[in-house]
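**Q** Got chain A; can you put chain B on it based on the hints?
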Amino acid sequence: MCGIAGLIHRGKSSNVGSELQLMLQALKHRGPDSTGYALYAENDGKNFIMRFKVGENVGEGSTSVNEDSSVYDKRKKLVDNMLGELGAKVIKEDRLTPYSFRYEMEFNDDLMEFSKKIESIESVEILSMGKSLELIKDLGDAAAVSERYGLGEVKGTHAIGHARMATESGVDIKSAHPFWGYPFSDVSVVHNGQLTNYWNNRRVLENKGMRFMSECDSELIAVYLAEKMRNGATLEEGMKDSLTGLDGVFTYFVATKDSLGMAKDTMAAKPLVLYESDDLVAMGSEEIAIRSILPQEIDTYDPFDGEVKVWQI
Amino acid sequence: MANLKTAEKKTKAQSMGLHTEVLTGKTQQKFFNPDEAENFFYWGAYDVDFNKRTDLDVKDMDCKEANRRIDELMSQGYGTIVIKNPQGKHSLGVGILNKLNLIFEGSLGYFGVGSIDGPMVRVNGRVGWSCAENMMAGKVVIEKNAGSCFGAAIRGGDLICKGSVGARTGIDQKGGTIIVGGDAGAFTGFMMQRGRIIIMGDVGINLGDSMYDGTIYVGGKIGSYGSDAIESPMTKSDIDWLKRKLKVAELGENFDVSKMTKVVAGKKLWNYDALEPTEKKGAI
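If you read the sequences in order, they're chains A and B. The first sequence begins at 0 in numbering that gives the first Met the number 0 and counts up one residue at a time. The second sequence begins at 0 in numbering that gives the first Met the number 0 and counts up one residue at a time.
Simulated from the structure, these hints should not be mistaken for lab results. There are no misleading hints in this set.
Derived DEER-like restraints, expressed as beta-carbon distance ranges:
#, chain 1, residue 1, chain 2, residue 2, range
1, B, Gly-219, A, Thr-233, 29 to 35 Å
2, A, Val-309, B, Lys-51, 50 to 56 Å
3, A, Ile-90, B, Arg-68, 55 to 61 Å
Computed from a prediction, not measured in an experiment: that's the story for all the values here. Glycine included, C-beta positions come from ideal geometry on N, C-alpha and C.
Pulled out of the complex, with its shape left as it was, chain A reads as follows (with noise of 0.2 Å):
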């Protein structure tokens, strides 16, 4: 089933973390194997935040082989070597689980090549790449995810989410949402549905350079936008287009450093409920996601089918 959340605040930061974390909580019945968050921070926008893991949560209710911890430790100095080949100055690490890392660094150079070389490391995935994208998954629901990656005083504009029931891949932090746009830096998709065309999709896709970290269908809209964007489409060209190149039911959410979009399949299958108003916009698959963060009445609305939408902030 899946539940997906949204917000983006027009013209101003709120505190984006605890918003969709609430948002998120509310939609925990839709989806309780992992949660994701991609939060759009305030962040200098001078360097690169690169968040990512060497290993899987191998928690309760995980299908990811268990391994010895001392592992991660040999992974990320490998990490460490390649980032001082590849030219990338280490400004900030922390390590926020055993297996999960969030470094700032200077970096000015291709990002797909950086991160082929990253992901050629044993067990290693760049979760995210950006200078505004913070993009947090794992095992369990919102508020264990928030409080486990201290999400709840993130602030910025603009936050897309996920609670996943997974059905197609593994309980694992690999197949959870949302997925980085690899290779553009701060884009990110999360997605509600199952899509039949994946593996064609993929072979081409995979044909043309893109990379493919999972098994779960939703990594294919991440990276049959990003495809489109390295061909000169714009966001919005490339969700329309999704439309008709994608085939199966759904609802999905595409933010990039300064704007949200929403995009819906033509059956109009996968439910979606929007509000919006002059100075924020707020969705999710179900109204009480909205009504976790806007108790007041407001007017709501299902966007039809085959609709498309992206807000600036």
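**A** Chain B alone, transformed into the frame defined by chain A:
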């Protein structure tokens, strides 16, 4: 006719028009007698007074508790209940088989007022997916917008949304009337079997797809027709009925119903024959 409140199970079932014997051939024994007042009340229904009014704040209740409290209030004779702070909660006001004036001061989530038979409901807000699913009778008025599957499989009553509705409005509809003041999404009237849908605004693609029967009236543009949905000429009785119905729905005072498009089943997909299932088995 037996008294429904005191009758034995079998008599009661028969009194309510239910069959307890195995049907053979085309026998359609009719137990239901509309002249007898008992047939219009469920066994165990409460005698409520519309002038006895109370508020119920459901802010801190889950749907199960809220619905139980509504039932309790009806058992105490309250005929008008105002629900405060519904805040988009799911499954509120479901399964009410009683006369009741129910008012929601706010929005409902999924499956709001589903499987009702009789109450008059007003929602001063929006409703989520599958509002009034399986409604048998009564009147439901939504002041704002509604989600998808609005009025799925309703069998009777009037279901009115003054705003716009999502996809698959009136899916599997078996009776009653659905009225939408705004626009409707794709697959409106999908597999509709009976009843009427009135959309005053535009509708999306695949209108009336695979409808078996029933009628859809559209005031605005039609995205596309679904399989076996065709236009049909408006008649004077259509126009008179639409005028009457929209007036009751508090909609379209100056709306020219004669310009609406009437859509019905082309019946090319019909695959019925005159045989009952048991007869068909014998024939094979």
